[in-house]
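Enquirer: Given chain A, put chain B in place with the hints provided.
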Amino acid sequence: MNHLPQAWGRPRDDVYGAYDASYLQTSGPKQATQQPIVTGTSVIAMKFNEGVVIAADNLASYGALARFTDVKRLRVFLDSSVVGFSGDVSDMQYLDRHLNELAIDEAYDLETAATKDTSKPSGKLNAANLHKYLQKVLYKRRSDFDPLWNQILVAGFDAASKPFLASVDLRGTAFTSPSLATGFGAALAQPIMRNYAATEEDAARLTREEAVNVVKDCMKVLFYRDARSLDKYSIAVVTKDGVELKENEQLERQSWAFAERIKGYGTQTV
Amino acid sequence: MFRNNYDNDSVTFSPQGRIFQVEYAAEAVKQGSVVVGIVSDTHAVLVGLKRNAEELSSYQKKIFRIDEHVGIAIAGLTSDARVLSQFMKTQCLAHRLHFGRDMAVFDIVNRIGSKAQINTQHYGKRPYGVGLLVAGVDATGPHLFEFQPSGMTEEMTAFSIGARSQMARTYLEKNVEAFAKCSREELIRHALKALKESLVQDRELTVENTSVGITGVVTAEDGTRTVEPFKVYDGQEVAAWLEDGMDVDP
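Protein chains in written order, with my numbering: chain A, 1 to 270; chain B, 1001 to 1250.
So that you can see chain A by itself, here it is in the shape it has in the complex (with noise of 0.2 Å):
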């Protein structure tokens, strides 16, 4: 029997055998992020006459269990512009710790900056400024061979004060279009969002109350379809006059009459 300390707690070896240290990984080459593991699905987001609206659901997956039910993935910045992430949630916290930063500096910056008149535009950085900001970082860190496993969405408004929609990927890939899903939504709820804005100027004919809309189909079509998805969801709505986030939003009339007609895959014979 081994007394010592070290050996206090450990399966003893006359019953189970030597520990396996493989497992631990002494040697060998330091392995970054190989695969996400709590992850989010689809951030969906349309631009509209005088604003953009983004959605995502609050699930927090592990793997295919719904794993947190209650993990809003929508952030603010500086009142004014809303990132949204898809993918990995521990590197979404990571992300969300570095822009409060961000945020912060940039804030301590605009008191520096203040003028008494405040009608005069301020240097705040804006969701074109913050979108090219993230891209940067998601570049450096898969050029480091170890990516942010994330793909987010940036809305606000760009320098000129026109509606800003814009995507970067866990490889620093940046895009933008006037309408914008990721993961499971880029499959099911782009085509929805396109009916609506193919182009810029479809997007500049849209009403707040009908992108709101459309955006809220989109998330009940990705409720019915995507199996990593939840019906509780946040949507925030940004205008000049600054963003409105709600995060406890529940999709309303549901209706899986369609399901029963579905045939073809599973189990099912016919």
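Note that these hints are calculated values from the structure, not bench results. Be a bit skeptical, because a hint or two may be false.
[Unchecked claim] List time: in silico BS3-like cross-link candidates among lysine-lysine, alpha-carbon distance up to 30 Å:
id : chain 1 : residue 1 : chain 2 : residue 2
1  : A       : Lys132    : B       : Lys1231
2  : A       : Lys216    : A       : Lys263
3  : A       : Lys216    : A       : Lys140
4  : A       : Lys140    : B       : Lys1089
5  : B       : Lys1061   : B       : Lys1030
6  : A       : Lys136    : A       : Lys263
7  : A       : Lys132    : B       : Lys1089
8  : B       : Lys1030   : B       : Lys1196
9  : B       : Lys1181   : B       : Lys1196
10 : A       : Lys132    : B       : Lys1115
11 : A       : Lys136    : B       : Lys1089
12 : A       : Lys240    : A       : Lys132
13 : A       : Lys124    : B       : Lys1181
14 : B       : Lys1115   : A       : Lys124
15 : A       : Lys240    : A       : Lys216
16 : A       : Lys124    : B       : Lys1089
17 : B       : Lys1061   : A       : Lys136
18 : A       : Lys124    : B       : Lys1231
19 : A       : Lys140    : B       : Lys1115
20 : A       : Lys124    : A       : Lys136
Expert: Showing chain B alone in chain A's frame:
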């Protein structure tokens, strides 16, 4: 042999609480030829008096473009100014790359301030022997900052540094009320007049020795902002201002 025992390095206070090396660096600024800067509600202008080391040499540049929206005028050791200007260019460019926007003027000024302060608190380093006037526009409009070798920076509505700059400052103080509402051309004329005040007798402002740098932002009725990129005017480009500007009231 020594003027005193407390001026060998920039980390030792004198018993009176002074750091002589920093004060000597400030003297180097006073040796440099004079530069003047003024801001209005719409523009920031720098003018400088260029010197030639000898008859056969060219005139030493005084005003430098840092970025699209920022420029500096220098008084003191030009080689030290080149180091600071290179640093400012790099910082502005990096900011543009990372955020896709112009760096705020106070931000770039704070950075050289912090950089210069380090030299006043580390053994074996020496303060920069140059003073700067930094003029630029950002989202909050046009700005003028003064930078000293001590690391001190301060926002100004109008200022002058360099040899005999007191004369120029006197002119600026006398006219300071007018600057805010000045047009671009009026502002340049004020700056050149201030510069002229500090000339030694029998010297004139000429196309050879006068340099003008200007940037500005004009906001149209509908709120669209047009930024005039910082540009340095030398030689024949300043002739018009010198010819018909110097006798009339700005």
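Enquirer: With reference to the structure, classify each hint as holding or not holding.
Expert: Status of each hint after checking the structure:
The suggested pairing of A:Lys132 with B:Lys1231 holds, with an alpha-carbon distance near 28 Å, which does not exceed 30 Å. The straight-line distance between the Cα atoms of A:Lys216 and A:Lys263 is roughly 27 Å, inside the 30 Å bound, and the hint therefore holds. Straight-line distance between C-alpha atoms of A:Lys216 and A:Lys140 comes to about 35 Å, which puts the hinted pair past the 30 Å bound. In summary, the hint linking A:Lys140 to B:Lys1089 is supported, as the alpha carbons are separated by about 22 Å, within the 30 Å threshold.
For a cut-off of 30 Å, the pair hint linking B:Lys1061 to B:Lys1030 stands: about 17 Å separates their Cα positions. For a cut-off of 30 Å, the pair hint linking A:Lys136 to A:Lys263 is broken: about 46 Å separates their Cα positions. Our distance criterion of 30 Å between C-alpha atoms is met by A:Lys132 and B:Lys1089, whose separation comes to about 20 Å. A threshold of 30 Å between alpha carbons decides the hint, and for B:Lys1030 with B:Lys1196 the separation of about 17 Å falls inside it, so the pair holds.
At roughly 22 Å between alpha-carbon atoms, B:Lys1181 and B:Lys1196 fall within 30 Å of each other, so this suggested pair holds. Pair hint A:Lys132 plus B:Lys1115 holds up; C-alpha atoms about 27 Å apart against a cutoff of 30 Å. Between A:Lys136 and B:Lys1089 the alpha-carbon distance is near 20 Å, which keeps this suggested pair within the 30 Å criterion. Note on A:Lys240 and A:Lys132: the hinted pairing holds, with a Cα-Cα distance of about 20 Å set against a maximum of 30 Å.
For the given pair, A:Lys124 sits about 26 Å from B:Lys1181 by alpha-carbon distance, which is consistent with the 30 Å threshold. Proposed proximity of B:Lys1115 and A:Lys124 is supported: the alpha carbons are some 25 Å apart, at most 30 Å. Proximity of A:Lys240 to A:Lys216 is assessed by CA-CA distance (about 22 Å); at most 30 Å being required, the pair is judged to hold. Between A:Lys124 and B:Lys1089, the direct Cα distance comes to roughly 22 Å. Compliance with the 30 Å bound is thereby established for this hinted pair.
Distance restraint check for B:Lys1061 and A:Lys136: the Cα-Cα separation of roughly 37 Å exceeds the 30 Å cut-off, and the hinted pair is therefore not satisfied. Restraint check: the Cα-Cα separation between A:Lys124 and B:Lys1231 comes to about 26 Å, which is no more than 30 Å; the hinted pair holds. Between A:Lys140 and B:Lys1115 the CA atoms are separated by roughly 26 Å; this keeps the pair inside 30 Å, and the hint holds. Taking the CA atoms of A:Lys124 and A:Lys136, the gap is near 19 Å; set against the 30 Å cutoff, the hint holds.
In this structure, the hints that do not hold are numbers 3, 6 and 17, in rising order.
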